[in-house]
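S.K.: Residue strings, one per chain:
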Amino acid sequence: MSFNARSAWSIYTRELMRFLRTAFQSVLSPVLTTSLYFIVFGAAIGGRMPDLGGVDYAAFIIPGLLMLTLLGETTSNSSFGIYMPRFTGTIYELLSAPVGVAETLVGFVGAAATKSLILAAIILTTAMLFVDYTIVHPFWALLYIMLVASAFSLFGFILGIWADNFEKLGIIPMLILTPLTFLGGTFYSIDMLPSPWDKIALANPIVYLVNGLRWTFYGQSDVSIGVSLGLTLGFLAVCVAIIAYIFRTGWRLRA
Amino acid sequence: MTAILEISGLTKRYASGLVALDDVDLTINKGEIFALLGPNGAGKTTLIGAVCGLVRPTAGIMRAFGHDMATDWRRARARIGLVPQELSTDMFEPVERAVAYSRGLFGLAPNPAHIEQVLRSLSLWEKRKDRIMTLSGGMKRRVLIAKALAHEPDLLFLDEPTAGVDVELRRDMWRLIGAMRERGVTIILTTHYIEEAEEMADRVGIIRKGRILMVDDKAAMMKRLGRTEAVITLAQPLAELPAALAALTVSLENGGTSICYRGGDGTGKGKAEVAELTKALVRAGIDYTGIDIHDSSLEDIFVDLVEEQEVEGAA
Chain A
1 MSFNARSAWS
11 IYTRELMRFL
21 RTAFQSVLSP
31 VLTTSLYFIV
41 FGAAIGGRMP
51 DLGGVDYAAF
61 IIPGLLMLTL
71 LGETTSNSSF
81 GIYMPRFTGT
91 IYELLSAPVG
101 VAETLVGFVG
111 AAATKSLILA
121 AIILTTAMLF
131 VDYTIVHPFW
141 ALLYIMLVAS
151 AFSLFGFILG
161 IWADNFEKLG
171 IIPMLILTPL
181 TFLGGTFYSI
191 DMLPSPWDKI
201 ALANPIVYLV
211 NGLRWTFYGQ
221 SDVSIGVSLG
231 LTLGFLAVCV
241 AIIAYIFRTG
251 WRLRA
Chain B
1 MTAILEISGL
11 TKRYASGLVA
21 LDDVDLTINK
31 GEIFALLGPN
41 GAGKTTLIGA
51 VCGLVRPTAG
61 IMRAFGHDMA
71 TDWRRARARI
81 GLVPQELSTD
91 MFEPVERAVA
101 YSRGLFGLAP
111 NPAHIEQVLR
121 SLSLWEKRKD
131 RIMTLSGGMK
141 RRVLIAKALA
151 HEPDLLFLDE
161 PTAGVDVELR
171 RDMWRLIGAM
181 RERGVTIILT
191 THYIEEAEEM
201 ADRVGIIRKG
211 RILMVDDKAA
221 MMKRLGRTEA
231 VITLAQPLAE
241 LPAALAALTV
251 SLENGGTSIC
261 YRGGDGTGKG
271 KAEVAELTKA
281 LVRAGIDYTG
291 IDIHDSSLED
301 IFVDLVEEQE
311 VEGAA
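Listed in order, the protein sequences are those of chains A and B. End of the first sequence = 255 in UniProt numbering, gap-free, step of one. End of the second sequence = 315 in UniProt numbering, gap-free, step of one.
Since the hints were made in silico from the structure, they are not lab data.
Not the full set, but computed from the structure, chain B residues with beta-carbon under 10 Å of chain A:
1. G49
2. C52
3. G53
4. R56
5. R74
6. R75
7. A78
8. G81
9. E86
10. L87
11. D90
12. R97
13. Y101
14. G104
15. L108
16. F157
All residues carry an ideal CB built from backbone N, CA and C; glycine is no exception.
Using the sequences plus the hints, can you model the full thing?
M.R.: Structure below.
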């Protein structure tokens, strides 16, 4: 199988240009949201909360807040990126070009993941304005953020192909991802939940993502980093397999 | 003649049971302009879609430039351009960037000189910095053509290129298509305007209900199926045709007040016979007050063919 790097680069740069067209909104929105979370949960409520595992509460919520924005924005960006050409009909150009699944994924998913990394950097910078924190494993943190961003870009890509209207496009991030992230230990440790909710919470896959990132930040989490990493890689592999199937069969892409 | 696109047994059956293409065989030769004519829903766009990768065929073999489009689609598609029927493009992009993107998508290195040449040839150069959404419908269609030409295709599909454009722009478009052919681009176009096919095409294919009814040189088709019809209005009614006209395919009509000629072909034979008819009338001392003569157009041939098939289908 050949790979056309120029085709992939064209898609990638075009998608990033689309991001830059709305740069003001794209940057301001996460800055504002993160600031509000820190004001409400960090300053107002956090002051009354005990340290969790030796980590100040305001610092404790940083990985969860980062994951909250990362999952929502990555999924939305990626799904929108492929849905809009389908909606406007410009997908014809992609389908009639000598472009395969690899170029398409590198272009669309790579751009969505890049946007997410930019957002992550903005959120972490904003967090510094409100709380002192140190990342214990910065390399692993970067790697894990990249992994999660890639996995959810792929997931968003599937969503953008599955959706046949704008309502469906928004329903998964709004009604599934956001609630699961809120319930996934963003603002608390699973240990703080009464039984049996502490066990039930482990059925929420987002718990493993939030705690995986928390481990890279503070070296401690409610679940094993190995399990978090394994689940994220597994999710990524499943998404790749589904996308390969979509391209092989042309489902919702070719008539 | 070198065949650059060979389609054999192409069939597209949708899950609903609708057969959009039914065992289509078609060969396109290098350098020609081929017009695909057919009523709405005949399968024209589906056929283009199948070649360009937008539609998954149910059966059949397609080869472009010698490459099997099922297995070697990358090399085949790299040389094919498509201008869709719908005005589908990213409306927020400036013209120049949108066209450059199309070139990159096909895996080619940036070539500003080529992009400039394409934009100038389409009178888009002055608009290159404008967002596509600010252009008129006709200019947007030009942008789609520019995008399709950005990767220098050898085979270009134009799906209803002049649909919804005014007469002046349609003439411009015809000139443009002629210029592309001059550069060696093979062109396949679908159109509802049969006048368009008559004006430009070297060969014509007629498709209906997913089946190709006929493919032929435009001139040969006109010769084979073209007719001349002439109505000569007589100064005085006749009771019967004079014996001198017996050799011609004429009839006395409208209560003997007119003589109708129907015959000839698309090569001018009919006109010559009408001239002979008028001479014979003068020789026979029959006066006439008017002549109305009409050569059948490609449109007449197309309508006759499609109606004929409908009658056969109903029988």
